[in-house]
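A.B. asks: Here is what each chain is made of, one letter per residue.
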Amino acid sequence: MNKVLIQLLLIAGTLVIAWRLLASYGQRAQALRRIGLLLLAAFAVWSILDPLVWQNLAANLGIGRGADLILYGLVVAFFGYVVTTFRRFRDMETRYTRLARRIALDETVPPTRRRVAVPAAATQPPEPTDPTDPTGLSAPTGMTDVTALTDLEAADAD
Amino acid sequence: MQNDDVWLVVPLFNEASVIGDVVAQCLPVFPNIVCVDDGSTDASADRAEAAGAVVVRHPVNLGQGAALQTGFDYALSDPAMRYVVTFDADGQHQVSDVEAMMDRIRSGDVEVVFGSRFLDERTEATALKRLVLRAAVSYTNLTTSTRLTDAHNGLRVLNRSVVERLDITQNRMAHASEIVAQIGAMRLDGRRVAYAEEPVHILYTDYSKAKGQSLWNSVNILAELIWR
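Residue numbers (full-length UniProt numbering), protein chains in the order written: chain A, 1 to 158; chain B, 1 to 228.
Just chain B, same shape as in the assembly:
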């Protein structure tokens, strides 16, 4: 199959009502999906498994960053894996966006493709949310040697050699900045990692809005970044 060498890594925490559909939508295009169940208290893990994903179950809740790293470790244990896609469980990402990002990385000139909400006008976010996300990306650009327009997007495509060198230690929310920072500092055979951004459309449904992190959390993220 075309995307046999791709693993979708989906951190999963209490998303039982949507995860089945999310897995079912991705599976025809991406046959390898690993959901890392981060100690959900609902039926998330069973739904994901029933829909056809591999489920790795954290025995206790560790945080989204830890779940991503577990997913990376699982994907790395597949010698045929060439690319890892990080994908959110709440249905806010589009499979078509991932396909465009895969086309980009397969063209061979970059090792990482970040999704960005701010490269086109499709994503509808409130003014305050935009402001906070812009401030966050400014901070990330300032503290890491990268230039991005959206650092806190859950949609990324990474090639194998980048995944091998990533080591996420921020268990909670600051992992997005940590991934960017590690990629910025990373050297592949003595040269920097080549990365690109692709426009993606984040679907802020009522469900994801209700579940999504409140803007207060940006204060926590900042504290976690400063105190790392």
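Next comes chain A alone, as it looks inside the complex:
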């Protein structure tokens, strides 16, 4: 009976935390996480003052030892941590991908301007790379694209 109770509690706790962290974004979820952290800290202080607090709580829940209760709690907390971290990383990756994509596209001659440039470029000798680069350190993207763009601007001005 007691075993069933603790199992139910654990399953419910895991699901609630997972759902809270997965389904809810925003201020409320963040506030709840912070309150949870504060409660944990308060409980830690309490357990320093009264080492039996976990043991008593465990006995009330029907778990053998207080240490087991802490372990279960840690498992749930860790799972929640993994989920939030995973989601935070994904959000960050999405943002950083958009940024990198914007940079990449901004450094490339767009198709419309390229069309204008094709006849002009065809009359010039091909210059795939810049052999005169004195530093040897030039950012390959920036350098070639900047020259390509100025060529284009000249073509446009004509």
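Keep in mind that the hints were calculated from the coordinates and are not lab data. Warning: the hint list may mix true and false statements.
What the hints assert, rightly or not - Sample of chain B residues with no beta-carbon within 10 Å of chain A, all distances over it, derived:
#1 SER17
#2 GLN94
#3 GLU121
#4 THR126
#5 LEU128
#6 ARG165
#7 LEU166
#8 GLN182
#9 LEU188
#10 ALA194
#11 SER218
Stated by the list, open to error - Label pairs and their in silico Cβ distance ranges:
#12 A:VAL4 to B:ASP120: 53 to 63 Å
#13 A:ARG28 to B:ARG104: 45 to 55 Å
#14 B:ALA196 to A:LEU8: 49 to 59 Å
#15 A:LEU10 to B:VAL95: 53 to 63 Å
#16 A:PHE89 to B:SER138: 28 to 38 Å
#17 A:ARG95 to B:SER77: 16 to 26 Å
#18 B:SER138 to A:MET92: 30 to 40 Å
#19 B:PRO31 to A:ARG87: 42 to 52 Å
Said to hold, decoys possible - According to the in silico footprint, chain A covers these stretches of chain B (three or more CB under 8 Å from chain A):
#20 59-68
#21 76-86
All values derive from a computational prediction rather than experimental measurement. From the three backbone atoms N, C-alpha and C, an ideal C-beta is built for every residue, glycine too.
Let chain A serve as the given structure and place chain B on it in line with the hints.
C.D. replies: Coordinates of chain B only, in the frame set by chain A:
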């Protein structure tokens, strides 16, 4: 030119030894090629550019899915673009297959043509590879409202309105399933996207075999799909 309204989108990552030939083979048929260099550490980007492709360079490595989306964004900035072809950089796809797929999409009854290795017997794959690919396509069919025979083929032809609505967020390998899923969920003027499959021949050369993803990666793909 005949295929002026087509953009070939080629995600490019460390393929310097083959990309020049791949671009040179495609260029006579498809004049618009954009290679998205995904932070290659070799001369891939220069080779592709020298061979006549437009090269968009990711400042850092982001993954093949991200490279495809960048290529889509570039192609979409061309108002004359009507079709996008996704094409692998490692030389395993045939230009003739793309031409057949273009004929199919230009006939007007479909908006997407997927290449499939399993519609005929030309592609030689090991039994294990077949099994994993079949399992993958079963999973994709189960979780998306599509019926395909090969969901992880890099060869696809998409029309402009489909490309406009695609938003690949799976940066790494799970993007193939994501594309299928988004096309399955997509509505064009309230109706589903019409798609077809065309048989294609994947050339598993020694080079592509050495470079290709190991079957272990299917575990990673599955994890990425479940945790999306």
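A.B. asks: It remains to establish, for every hint, whether it holds in the given structure.
C.D. replies: Outcome of the hint check:
1. SER17: Given that every Cβ of chain A is farther than 10 Å from that of SER17 (chain B), nearest at about 17 Å, it holds.
2. GLN94: Its Cβ never comes within 10 Å of chain A, the nearest being 25 Å, so this holds.
3. GLU121: Answer for GLU121 (chain B): holds, closest chain A Cβ roughly 39 Å.
4. THR126: holds, 33 Å
5. LEU128: Given a closest Cβ separation of 30 Å, the condition holds.
6. ARG165: holds, 17 Å
7. LEU166: LEU166 (chain B) is indeed farther than 10 Å from all Cβ atoms of chain A, at 14 Å.
8. GLN182: At roughly 16 Å from the nearest Cβ of chain A, GLN182 (chain B) sits farther out than 10 Å, so the non-interface label holds.
9. LEU188: holds, 24 Å
10. ALA194: It holds; ALA194 (chain B) is separated from chain A by about 27 Å at its closest Cβ, greater than 10 Å.
11. SER218: holds, 20 Å
12. A:VAL4 to B:ASP120: 53 to 63 Å: holds, 57 Å
13. A:ARG28 to B:ARG104: 45 to 55 Å: The hinted range 45 to 55 Å holds for ARG28 (chain A) and ARG104 (chain B), with Cβ atoms some 51 Å apart.
14. B:ALA196 to A:LEU8: 49 to 59 Å: Given a distance of about 51 Å, which is inside 49 to 59 Å, the answer is holds.
15. A:LEU10 to B:VAL95: 53 to 63 Å: Holds: the Cβ-Cβ distance is about 59 Å, inside 53 to 63 Å.
16. A:PHE89 to B:SER138: 28 to 38 Å: Because 30 Å falls inside the window, the suggested range holds.
17. A:ARG95 to B:SER77: 16 to 26 Å: holds, 22 Å
18. B:SER138 to A:MET92: 30 to 40 Å: holds, 33 Å
19. B:PRO31 to A:ARG87: 42 to 52 Å: Holds, at about 43 Å.
20. 59-68: holds (count 4)
21. 76-86: holds (count 5)
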